[in-house]
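J.: Starting from the structure of chain A, add chain B with the ligand where the hints point.
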Amino acid sequence: MAKRTNAVILGGGVSKFGVRQAHLLDMIQEAAKACSDDIPALKPTDIDGLIVCTTLAGRHSNALNTAPLVVHRLGLRPTSICIRLDTLCAGSNSGIIVAKGLVESGISDIVLVTGAEKVYLPQRWETNYTQLMVNDHDWDSAMGLGVPPPFFAMIARMHMKRYGTTKEQMAHVSVANYNYGSTNPNAHFYPRTLTIEEALSARLIADPFTLFDCCPLSDGASAVIITSEERAKDLSDRPLVYIRGTGQHATHSMSAGWPGETPAEWPHLKKAAEVAYKNARVSPKDIDVAQVHDCFTISQIIEMEELGFCQKGEGGDYVASGAINIDGERPINTDGGLISCGHPFGASGARQSLELCKQLQGRAINQVKDPKIALAHNLSGASAQHTVVIYGTEPVE
Amino acid sequence: MADIQKAQIEGTPALDGRYISEMDMWPLECQEFNRNYQFYDNLREGRFTTTKCQKCGYIAFPPGVICPKCWSDDLEWVDLPQRARVVAFTETQAGAPIGFEPPLIMAWLDFGKDSPLKHLLGRIINCPEGKLKEGDEVKFVVFDVPAHPIEVKRETKICDRVYYAFEPVEKAA
Ligand SMILES: [Zn+2]
Chain A
-3 MAKRTNAVIL GGGVSKFGVR QAHLLDMIQE AAKACSDDIP ALKPTDIDGL
47 IVCTTLAGRH SNALNTAPLV VHRLGLRPTS ICIRLDTLCA GSNSGIIVAK
97 GLVESGISDI VLVTGAEKVY LPQRWETNYT QLMVNDHDWD SAMGLGVPPP
147 FFAMIARMHM KRYGTTKEQM AHVSVANYNY GSTNPNAHFY PRTLTIEEAL
197 SARLIADPFT LFDCCPLSDG ASAVIITSEE RAKDLSDRPL VYIRGTGQHA
247 THSMSAGWPG ETPAEWPHLK KAAEVAYKNA RVSPKDIDVA QVHDCFTISQ
297 IIEMEELGFC QKGEGGDYVA SGAINIDGER PINTDGGLIS CGHPFGASGA
347 RQSLELCKQL QGRAINQVKD PKIALAHNLS GASAQHTVVI YGTEPVE
Chain B
0 MADIQKAQIE GTPALDGRYI SEMDMWPLEC QEFNRNYQFY DNLREGRFTT
50 TKCQKCGYIA FPPGVICPKC WSDDLEWVDL PQRARVVAFT ETQAGAPIGF
100 EPPLIMAWLD FGKDSPLKHL LGRIINCPEG KLKEGDEVKF VVFDVPAHPI
150 EVKRETKICD RVYYAFEPVE KAA
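From first to last, the protein sequence lines stand for chains A and B.
Just so we're aligned: 315 in the working numbering is position 319 of the first sequence, and the numbers increase by one with no gaps anywhere.
Just so we're aligned: 49 in the working numbering is position 50 of the second sequence, and the numbers increase by one with no gaps anywhere.
No lab work stands behind these hints: they were computed from the structure.
Reference listing, derived: stretches of chain A covered by chain B, where coverage requires no fewer than 3 residues with Cβ under 8 Å from a Cβ of chain B:
no. : region
1   : 116 to 127
2   : 142 to 149
3   : 153 to 164
4   : 241 to 255
Every residue, glycine too, gets a C-beta built ideally from N, C-alpha and C.
So here's chain A without its partners, still in its complex pose (with noise of 0.2 Å):
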């Protein structure tokens, strides 16, 4: 099918993330009111298309076919597309791939990508159970595998002995991301400030790993609108955000598959950029602001090299730098990531994609001087899958 049109992401919303007194139902709810507040013009019967992205809506929330369900709730009356999507932390940056390609087809001419999660449980223990269902179950999970903070502690005592990184340069990014968030009123930890110090005293997570290393699971939703170019000029006056290439890419499902030499070196990661850059037509110099997937501090100086805004082994210094901090040469997750924000898996990429568009049209919080181009990635589970979205305020061509 040959492309008619450019696809923009419109605007969206996001509920408060946290642990929260609510139903998954109810946070969508909030997501889309949000949504809906920051796009006047918008009718929910002008929504055409729906992709509701979760993993843990069958296990917590008793709602398997979930789509429906949001359909009701937010009175829609989808013709085009309405289906669940799960790619566990890439959601809803996966759902936003997917409406991108179904918009620019044709198929659907306004589509809602919301992405949610209630984590917790009356139990909150049994938060840990469904851990182990999020891997490779019968494999890697019956290992103990399932729980993320072993299996990134031993990737970052493998980037600290192969490439010299230190404690001291993960915790500047988990500063970094804390202060980011510290202004984010829907971040769960909000507006809780970090310093070197308080990261580095700490106590022990997985070594070498200490609280503010690791971000938190959260319940939360979030809500975007993604449509044409054409019908976006309808809803809204501000500057328009093309979503301008996308890439995916996975290669294995548990620890005997991995793609690395060692788990230091992510070369799925490296391909699913390699991907999105070529399809968006820019380099990783042209990246101005970005939102990249820090589940933990080592995380995301992996991403700074594999995404190529630095050299393989150099993440450490790279953060370290100020290169990520709002007067650096490339901010790094301005609305407090994953580590601030917290982590409701499904709900986690639309949350970035919206603070790129904002930073896009020139309204973000933390607001980057005059950016053009835009990053956002995701790792999936114990980075079995990596997922690229890149935005620019012009389209391909």
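T.: Quick look at chain B with the ligand alone, frame taken from chain A:
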């Protein structure tokens, strides 16, 4: 029989047993649920095995019903090396999954360049906290894990289960 059915419907010990949890930490290993049951039967004989493609020669891990390289279903069971070196590891201080006793030690294992299975993240057991070192040699070990009941033609059958991990070759003093 009555005891088994009672065990099936009991809730978790928490919240006075009134809150039902349905999560299972282990694979459904038996023939009724799994065409790779041979892997677990081999574990019971102390063998660490997987499937090799008879058509292209590829040795996959985990085992499967087809070859992920050429999609042939002409496969045979072969043995994997049972010893590996610890390249890097981590010991979990907090938040180990329910059912895993601390210390939960995970290690990135190197099975050697001639092994069809190069690397694996493996659990290290029978090793006190603080004793494991990078470069240590570990060996494959099999242990029992909880059985589960299944209904077969209105009868309850108990499926025994085993799983595997790795332990230090030289026991810490
Ligand atoms: Zn084959």
